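Starting from the known structure of chain A, fit chain B onto it as the hints suggest.
Here the protein sequences come in this chain order: A and B. Taking our numbering, the leading residue of the first sequence gets 1, the next gets one more, and so forth. Taking our numbering, the leading residue of the second sequence gets 1, the next gets one more, and so forth.
Careful: at least some of the hints might be erroneous.
Beyond 10 Å from chain A on every Cβ pair, some chain B residues (computed) [as the list claims (entries may be wrong)]:
no., residue
1, T5
2, R62
3, G123
4, R168
5, Q205
6, G231
7, N294
Which bits of chain B does chain A cover? Going by a derived footprint, with three or more residues having C-beta under 8 Å, they are [said to hold, decoys possible]:
no., segment
8, 128–139
9, 208–221
10, 237–247
11, 270–279
The set of hints was computed from the structure by calculation and includes no laboratory data. Source: prediction; values computed, not measured. Virtual Cβ for every residue (Gly too), placed ideally from N, Cα, C.
There are 2 protein chains.
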Amino acid sequence: MAKLTLSIDAMGGDNAPQMVVEGVEASLERFSDVKFLLFGDQAQLKPLLERHPNAKAVSEIRHTADIVTNEEKPGTALRGGRNSSMRLAIDAVGSGDADGVISAGNTGALMAMAKFVLKTLPGIDRPAIATYYPTLRGESVMLDLGANVECDAENLVQFAVMGEVFARNVLGLEQPSIGILNVGAEGLKGNEAVKKAALTLQTTQLPIKFYGFVEGDDIGAGTVDVVVTDGFTGNIALKTAEGTAKLFGVFLKEALTSTPMARFGALMARRALKAFKMRVDPRRYNGAMFLGLNGVCIKSHGGTDAVGFANAIHVAVELITNSLNEHIKKDYAKLSADTPFLKEAVAGE
Amino acid sequence: MAKLTLSIDAMGGDNAPQMVVEGVEASLERFSDVKFLLFGDQAQLKPLLERHPNAKAVSEIRHTADIVTNEEKPGTALRGGRNSSMRLAIDAVGSGDADGVISAGNTGALMAMAKFVLKTLPGIDRPAIATYYPTLRGESVMLDLGANVECDAENLVQFAVMGEVFARNVLGLEQPSIGILNVGAEGLKGNEAVKKAALTLQTTQLPIKFYGFVEGDDIGAGTVDVVVTDGFTGNIALKTAEGTAKLFGVFLKEALTSTPMARFGALMARRALKAFKMRVDPRRYNGAMFLGLNGVCIKSHGGTDAVGFANAIHVAVELITNSLNEHIKKDYAKLSADTPFLKEAVAGE
Numbered sequence: 001m002a003k004l005t006l007s008i009d010a011m012g013g014d015n016a017p018q019m020v021v022e023g024v025e026a027s028l029e030r031f032s033d034v035k036f037l038l039f040g041d042q043a044q045l046k047p048l049l050e051r052h053p054n055a056k057a058v059s060e061i062r063h064t065a066d067i068v069t070n071e072e073k074p075g076t077a078l079r080g081g082r083n084s085s086m087r088l089a090i091d092a093v094g095s096g097d098a099d100g101v102i103s104a105g106n107t108g109a110l111m112a113m114a115k116f117v118l119k120t121l122p123g124i125d126r127p128a129i130a131t132y133y134p135t136l137r138g139e140s141v142m143l144d145l146g147a148n149v150e151c152d153a154e155n156l157v158q159f160a161v162m163g164e165v166f167a168r169n170v171l172g173l174e175q176p177s178i179g180i181l182n183v184g185a186e187g188l189k190g191n192e193a194v195k196k197a198a199l200t201l202q203t204t205q206l207p208i209k210f211y212g213f214v215e216g217d218d219i220g221a222g223t224v225d226v227v228v229t230d231g232f233t234g235n236i237a238l239k240t241a242e243g244t245a246k247l248f249g250v251f252l253k254e255a256l257t258s259t260p261m262a263r264f265g266a267l268m269a270r271r272a273l274k275a276f277k278m279r280v281d282p283r284r285y286n287g288a289m290f291l292g293l294n295g296v297c298i299k300s301h302g303g304t305d306a307v308g309f310a311n312a313i314h315v316a317v318e319l320i321t322n323s324l325n326e327h328i329k330k331d332y333a334k335l336s337a338d339t340p341f342l343k344e345a346v347a348g349e
Numbered sequence: 001m002a003k004l005t006l007s008i009d010a011m012g013g014d015n016a017p018q019m020v021v022e023g024v025e026a027s028l029e030r031f032s033d034v035k036f037l038l039f040g041d042q043a044q045l046k047p048l049l050e051r052h053p054n055a056k057a058v059s060e061i062r063h064t065a066d067i068v069t070n071e072e073k074p075g076t077a078l079r080g081g082r083n084s085s086m087r088l089a090i091d092a093v094g095s096g097d098a099d100g101v102i103s104a105g106n107t108g109a110l111m112a113m114a115k116f117v118l119k120t121l122p123g124i125d126r127p128a129i130a131t132y133y134p135t136l137r138g139e140s141v142m143l144d145l146g147a148n149v150e151c152d153a154e155n156l157v158q159f160a161v162m163g164e165v166f167a168r169n170v171l172g173l174e175q176p177s178i179g180i181l182n183v184g185a186e187g188l189k190g191n192e193a194v195k196k197a198a199l200t201l202q203t204t205q206l207p208i209k210f211y212g213f214v215e216g217d218d219i220g221a222g223t224v225d226v227v228v229t230d231g232f233t234g235n236i237a238l239k240t241a242e243g244t245a246k247l248f249g250v251f252l253k254e255a256l257t258s259t260p261m262a263r264f265g266a267l268m269a270r271r272a273l274k275a276f277k278m279r280v281d282p283r284r285y286n287g288a289m290f291l292g293l294n295g296v297c298i299k300s301h302g303g304t305d306a307v308g309f310a311n312a313i314h315v316a317v318e319l320i321t322n323s324l325n326e327h328i329k330k331d332y333a334k335l336s337a338d339t340p341f342l343k344e345a346v347a348g349e
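Only chain A is shown next, with the shape it has when bound in the complex:
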């Protein structure tokens, strides 16, 4: 594997830059062939790297004092944040200095800047935010998670194709199944966008495996490999799942500490409980992918820690080493060429 270079917005996230440097250090346990460009305040980054010599050995500080705050509107950040750590980190991908960028900062600003600098892939109107999702059958991918609050059928069809390419090339599935998230499995339910998107995917000759509509509980069940939804619904579904997981964790802890006998049992089962906890650890799924951009851009959860940030780095490495964007580009062009009806059907609605 050729040496990869990742550019990092070292100032993004609730506990940046410390969490970021620790995350870089933690990521080195998984791969050693990566170089990091850390964009941010040198006065803060230098002493942090001194305390993390492994990270220091593979990192290069690119100083800037400017940052994008969480409160900033995407448009304001885009216009006014040209020297921010976030923007310069993205610029490094645009200029070819880096192979991908990771930020735990303002999602809207990151998307706006990434779209402006990197542009979208041919045939994609709007990038989508995607994530891995643990299921009873293993792992699936869900998109969009908030980049596009309102989506039409054409957007959803594009998300379906991008998700399919992702599942094939990164999850390694031979023929991933695609479902559109809806309030019922029957064709007559739902809003106009999901109905039209489903009709398009059903009637075109696209060589993808369209399952049909899926419901909220199908996400965790793993009914399909790719769950397609608009950004409003996807964001709320994902965060509702996170909230439910948290609720469960708290209730379980309360139960297992409620009596001496429960505490004893939990002590005996501590290895199994630890494995369970790790399996549902949200940090394992940290690192949302901006799909549809002409470059790899990963958004880490703002409140994550070093373990979570290291995972976001891992996601970036996976997309780069699997040449995901090349696959999307090729497959999308091929799908469109093979099925002229796709373009027409989508364009005509």
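Frame of chain A, contents of chain B only:
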């Protein structure tokens, strides 16, 4: 307490009518002052009641051979299902023979028929489906869960008011807080409907405690007492939570049976684990309320069992004994009269 009469669609649900009769029997452990009118096939119901003498003692069969299937469209059911067990059960509330109706059948058909027969309360354009939701702080209420796939700001404001009245009168909260589900807490995020609804709730002088926007993870956290959303998002959020709960349950079970030591620990902690399981048992939250109708109508999950159906009966009894609809009617009229701006603001958008 005066004796209540509940009408039951005995043929609705995956395991009806057996599950329904068993549910009636199970509900008698909680209250004895209820009489049941069971609408459905006498040939099936009679032998079932023979086997459940407690249920038989408080039930009266109202025979009909006609049923509404799960596949039927609401409009078709409304036109063609005049003699169905579902419709006759609703009619019993309309005619005053019963104080409330419970069905585990086709949700869309139930809503269409209930709206047609019972009508909406003054000031309410569209009824909403509401449910109790377990949270870290106790219990909250969430609506709409699927009655209205597309909602405008006016609908959301009406849901907020109904939810508030419910939380005050049934949950017994002095001043419940209301949140609108969105993809971010900042005012600038979200679609037009949620932004306008929030603006209306913020700027009118309604004597209700409007918290602002909440996100998906705030549902389980219990950030607010009433979570308001459109039916598309609410349905998907609720089912996603159910799916996540199931995923957690399976993962936990796998962990606790993975080794002899884990099994031993689980055995020692079995009481605590059982209490945990009961606390998150979805059957405890079975029984979705159709709010905004001029009559009590409860939708049970189609796949539930007797325990779940008994809980749906319990929900109906709670709404009736708390005179929820009278409160909604009074409070809604009062809120509109006190704040003429509400009507204008809502009407003007």
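Check your understanding: Taking 10 Å as the cut and beta carbons as the points, is Q205(B) off the interface with chain A?
Key -> Consistent with the label, Q205(B) stays out of reach of chain A, its closest Cβ about 29 Å off (over 10 Å).
Check your understanding: With a Cβ-Cβ cutoff of 8 Å, does the segment 237–247 of chain B contain at least three residues near chain A?
Key -> holds (count 11)
Review point. How does the coverage statement for the segment 270–279 of chain B fare against chain A, requiring three or more residues with Cβ below 8 Å from a Cβ of that chain?
Key: Holds, because 7 residues of the segment 270–279 of chain B bring their Cβ atoms closer than 8 Å to Cβ atoms of chain A.
**Study point:** Coverage of the segment 128–139 of chain B by chain A, judged on three or more residues with CB within 8 Å
**Key:** holds (count 3)
Exercise for review: Taking the shortest Cβ-to-Cβ distance between R168(B) and chain A, state whether it exceeds 10 Å.
Suggested key: At roughly 24 Å from the nearest Cβ of chain A, R168(B) sits farther out than 10 Å, so the non-interface label holds.
Point to revise | chain A versus T5(B) - minimum CB to CB distance exceeding 10 Å, so not interface | key: 32 Å, holds
Point to revise | Assertion that chain A covers the segment 208–221 of chain B - criterion: three or more residues, beta-carbon distance below 8 Å | key: Holds: 7 residues of the segment 208–221 of chain B have a Cβ under 8 Å from chain A.
Exercise for review: Verify that the Cβ of N294(B) lies farther than 10 Å from every Cβ atom of chain A, and report whether the claim holds or is violated.
Suggested key: Label holds. Min Cβ-Cβ 25 Å, cutoff 10 Å.
Point to revise | Least C-beta distance between G231(B) and chain A, which was stated to exceed 10 Å | key: 7 Å, violated
Review point. For G123(B), is the shortest beta carbon distance to chain A beyond 10 Å?
Key: 26 Å, holds
Review point. Any Cβ of chain A at or closer than 10 Å to R62(B), or is the non-interface label fine?
Key: Label holds. Min Cβ-Cβ 30 Å, cutoff 10 Å.
The structure is inconsistent with hint 6 alone, although it conforms to all the rest.
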